[in-house]
Amino acid sequence: MKAFIPLSTWVFDTIKEFEGLRLTPYLCPAGKWTVGWGHTKNVDPKKAITEVEAERLLQEDLSFVAVHVMKLVTSEITQGMFDALVDFAFNVGLDEDHDNRAEGLGDSTLLRLVNEGRFDDAAKEFHKWEGAHVNGKLVKLVGLVNRREKERLRFLSKEIL
Numbered sequence: 580m581k582a583f584i585p586l587s588t589w590v591f592d593t594i595k596e597f598e599g600l601r602l603t604p605y606l607c608p609a610g611k612w613t614v615g616w617g618h619t620k621n622v623d624p625k626k627a628i629t630e631v632e633a634e635r636l637l638q639e640d641l642s643f644v645a646v647h648v649m650k651l652v653t654s655e656i657t658q659g660m661f662d663a664l665v666d667f668a669f670n671v672g673l674d675e676d677h678d679n680r681a682e683g684l685g686d687s688t689l690l691r692l693v694n695e696g697r698f699d700d701a702a703k704e705f706h707k708w709e710g711a712h713v714n715g716k717l718v719k720l721v722g723l724v725n726r727r728e729k730e731r732l733r734f735l736s737k738e739i740l
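Residue numbers (our numbering): 580 to 740.
Some clues are possibly wrong.
[To be verified] Straight line, CA to CA, 25 angstroms or less: simulated DMTMM-like cross-link-like pairs of lysine to aspartate or glutamate:
{"hint": "1", "residue 1": "Lys-716", "residue 2": "Glu-598"}
{"hint": "2", "residue 1": "Lys-611", "residue 2": "Glu-639"}
{"hint": "3", "residue 1": "Lys-716", "residue 2": "Glu-682"}
{"hint": "4", "residue 1": "Lys-707", "residue 2": "Asp-686"}
{"hint": "5", "residue 1": "Lys-729", "residue 2": "Asp-674"}
{"hint": "6", "residue 1": "Lys-703", "residue 2": "Glu-630"}
{"hint": "7", "residue 1": "Lys-737", "residue 2": "Asp-700"}
{"hint": "8", "residue 1": "Lys-620", "residue 2": "Glu-655"}
{"hint": "9", "residue 1": "Lys-719", "residue 2": "Asp-674"}
{"hint": "10", "residue 1": "Lys-703", "residue 2": "Glu-639"}
{"hint": "11", "residue 1": "Lys-595", "residue 2": "Glu-634"}
{"hint": "12", "residue 1": "Lys-719", "residue 2": "Asp-699"}
{"hint": "13", "residue 1": "Lys-611", "residue 2": "Glu-630"}
{"hint": "14", "residue 1": "Lys-611", "residue 2": "Asp-674"}
{"hint": "15", "residue 1": "Lys-729", "residue 2": "Glu-682"}
{"hint": "16", "residue 1": "Lys-595", "residue 2": "Glu-695"}
{"hint": "17", "residue 1": "Lys-719", "residue 2": "Glu-695"}
{"hint": "18", "residue 1": "Lys-707", "residue 2": "Glu-598"}
{"hint": "19", "residue 1": "Lys-703", "residue 2": "Asp-686"}
[Said to hold, decoys possible] Here are the simulated distance ranges between beta carbons:
{"hint": "20", "residue 1": "Phe-583", "residue 2": "Val-721", "range": "30 to 38 angstroms"}
{"hint": "21", "residue 1": "Glu-682", "residue 2": "Glu-728", "range": "18 to 26 angstroms"}
{"hint": "22", "residue 1": "Glu-695", "residue 2": "Lys-625", "range": "42 to 50 angstroms"}
By construction, these hints were calculated from the structure, which means they are not laboratory data.
Backbone N, C-alpha and C define an ideal beta-carbon position, used for all residues, glycine too.
Using the sequences and the hints given, assemble the complete structure.
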């Protein structure tokens with residue numbers, strides 16, 4: 580049985596760093612309505628939120644993602660690996676449909692390699708997710724390049740918070 584791994588402050592800090600706080604809904608580069616720190620579920624484009632609401636939404640979103648990451652990962656992982664995978668899944672999605680189309684963590688080569696215990700190979704997969712669809716085309720975004728590198732380094736770290 581895998582041990583429970585709590586969310587670390589690294590995950591919250593990283594999401595806040597890359598998502599930025601937006602109290603008014605906006606369309607992200609991928610064309611999704613977003614508010615708070617990257618919250619995309621049931622966003623009313625006409626309704627602003629408070630910072631307290633943004634914190635609550637982030638807590639709920641991360642709790643949901645963390646539980647599902649723990650279900651997807653079948654190998655023993657470190658705190659750093661868990662943190663990186665949660666941030667990655669928060670950003671790109673969980674993709675738990677098992678249709679063999681990598682639309683998020685669930686069907687990704689990254690997850691397969693983690694579950695095979697091939698952690699060094701898995702770390703190399705983060706950089707394959709540096710693009711987003713903008714106007715129907717896959718475009719490499721500087722913010723995603725930087726985020727994937729931060730996730731990769733955390734994934735490889737031995738630090739436990």
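Against the structure, the hints:
1. Restraint check for Lys-716 and Glu-598: the C-alpha separation of about 21 angstroms stays at or below 25 angstroms, so the hint holds.
2. Between Lys-611 and Glu-639, the direct Cα distance comes to roughly 19 angstroms. Compliance with the 25 angstroms bound is thereby established for this hinted pair.
3. The hinted pair formed by Lys-716 and Glu-682 meets the criterion: a straight-line CA distance of about 15 angstroms does not exceed 25 angstroms.
4. For the given pair, Lys-707 sits about 14 angstroms from Asp-686 by alpha-carbon distance, which is consistent with the 25 angstroms threshold.
5. In summary, the hint linking Lys-729 to Asp-674 is supported, as the alpha carbons are separated by about 22 angstroms, within the 25 angstroms threshold.
6. At most 25 angstroms may separate the alpha-carbon atoms for a hinted pair to count; Lys-703 and Glu-630 exceed this at roughly 36 angstroms.
7. Distance hint between Lys-737 and Asp-700 is fulfilled; the C-alpha atoms sit about 16 angstroms from each other, no more than 25 angstroms.
8. For a cut-off of 25 angstroms, the pair hint linking Lys-620 to Glu-655 is broken: about 30 angstroms separates their Cα positions.
9. With a C-alpha separation of about 21 angstroms, the suggested pairing of Lys-719 with Asp-674 holds against the 25 angstroms cut-off.
10. A threshold of 25 angstroms between alpha carbons decides the hint, and for Lys-703 with Glu-639 the separation of about 29 angstroms lies outside it, so the pair is violated.
11. Of the pairs offered as hints, the one joining Lys-595 and Glu-634 holds, with about 10 angstroms between alpha carbons and a cut-off of 25 angstroms not exceeded.
12. Between Lys-719 and Asp-699 the CA atoms are separated by roughly 23 angstroms; this keeps the pair inside 25 angstroms, and the hint holds.
13. Distance check on the hinted pair: Lys-611 and Glu-630 sit about 20 angstroms apart at the alpha-carbon level, within 25 angstroms; holds.
14. Of the supplied pair hints, the one linking Lys-611 and Asp-674 holds, its CA atoms being roughly 16 angstroms apart against a limit of 25 angstroms.
15. Our distance criterion of 25 angstroms between C-alpha atoms is met by Lys-729 and Glu-682, whose separation comes to about 21 angstroms.
16. Taking the CA atoms of Lys-595 and Glu-695, the gap is near 31 angstroms; set against the 25 angstroms cutoff, the hint is violated.
17. For the hint linking Lys-719 to Glu-695, the alpha-carbon distance of about 28 angstroms lies beyond 25 angstroms, and the restraint is violated.
18. For a cut-off of 25 angstroms, the pair hint linking Lys-707 to Glu-598 stands: about 20 angstroms separates their Cα positions.
19. Between Lys-703 and Asp-686 the CA atoms are separated by roughly 16 angstroms; this keeps the pair inside 25 angstroms, and the hint holds.
20. For Phe-583 and Val-721, the hinted distance range of 30 to 38 angstroms is satisfied, since their beta carbons lie about 35 angstroms from each other.
21. Taking the beta carbon of each, Glu-682 and Glu-728 are about 22 angstroms apart, inside 18 to 26 angstroms as hinted.
22. Against the hinted window of 42 to 50 angstroms, the Cβ-Cβ separation of Glu-695 and Lys-625 comes to about 46 angstroms, which satisfies the hint.
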